[in-house]
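Participant: The primary structure of each chain is shown beneath.
2 protein chains.
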Amino acid sequence: MDISRRDLFLKSAGMAACIGGGAFASDLTKAETVEEEGAKTFFKLYPVGRVEKKGKSVWLRIFDRYADALKGLDGFSHVWVLYWLDKNDTPRKRSLFQVHPRGNKKNPLTGVFACRAPVRPNLIALSLCKILSVKGGVVHIEKIDAFDSSPVLDLKPYAPGIDSPTKGVRLPDWLKR
Amino acid sequence: MDISRRDLFLKSAGMAACIGGGAFASDLTKAETVEEEGAKTFFKLYPVGRVEKKGKSVWLRIFDRYADALKGLDGFSHVWVLYWLDKNDTPRKRSLFQVHPRGNKKNPLTGVFACRAPVRPNLIALSLCKILSVKGGVVHIEKIDAFDSSPVLDLKPYAPGIDSPTKGVRLPDWLKR
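Here the protein sequences come in this chain order: A and B.
Residue numbers for the first sequence follow the working numbering, so the first one is 346 and each next one is one higher.
Residue numbers for the second sequence follow the working numbering, so the first one is 346 and each next one is one higher.
Bear in mind the hints are in silico, worked out from the structure with no lab data behind them.
Fair warning: there could be bad hints in the mix.
Just so you have them, the derived chain A footprint on chain B, three or more residues with Cβ under 8 Å [stated by the list, open to error]: (1) 410-420; (2) 441-454; (3) 468-475; (4) 495-506; (5) 511-519.
We put the beta carbon where it would ideally sit given N, CA and C, even for glycine.
Taking the hints into account, I'd like the entire structure generated from these sequences.
Facilitator: Following this line, the structure appears as structure tokens:
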């Protein structure tokens, strides 16, 4: 962990005052060590394509080098599109952990892991989309709630056996309204 | 794009032989420029917690600094867990674009965007899990097809209105078997 990240971590954990320089690691409990590890670890995500919108038409244009990964997608009716909320990729927006869902203050303050807000620590958006066609590197879809040119991260086919609950879906009141 | 990445890109695009040093960008079409941009761009993903397994019990242990993001998740029955397939985070496994689903050679060679293979350009896994309880930073779930200590990237509540197709689910034969 470099010094600035470590300071940030210590400050956010409220521990800056109680830990001296040399004794850092040994003063941490195991859980804190894992958390410290989380602060310095990151994984690299590469865009595999872009969302393209024109009027009411929407395509996922997959970059040439990834086009082979689409083989067989035309056998499915629906696809999960994982894309990056690139307009919100700022330290501030990645640190907003609670919001009023749908920007409506009548909805209770809710954690971003309990709603689909476009601000979250990792800016991955998940949308289920109806496939109209797959031709070459281009997937024509019915619609998507994404900005034009949003970076596409991954596509996964919709499979009811694993993607739908077998029983008892329960929802909070704000989502039923 | 640094030289090594550029060379890799040129080689993978089969263009290494036809483009000279100075005239690089101007020789590319617009689509290729976007693709080149994709090759150097990456986004940073930070683990927000870990999968913990003990016997038949499974928890998502969210790091302290992200625990506020869980507020309200207990109002839901099911959660999408996005986690990182960290054991497969190698250049080779991130470059396998077609597989026989479920490792069964009787299944047709299929693009990784058309199945849920644990090798893909971006190693994000997506699992729908039943929530048993949410206490502090710990989400007790029924089960998950992930290794112990897999890095958790994001949680999203299951919302039938956006997460289930309204009509006509279609699947390829290999998935019906």
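Participant: Among all the numbered hints in the text so far, which are the ones the structure does not match?
Facilitator: none
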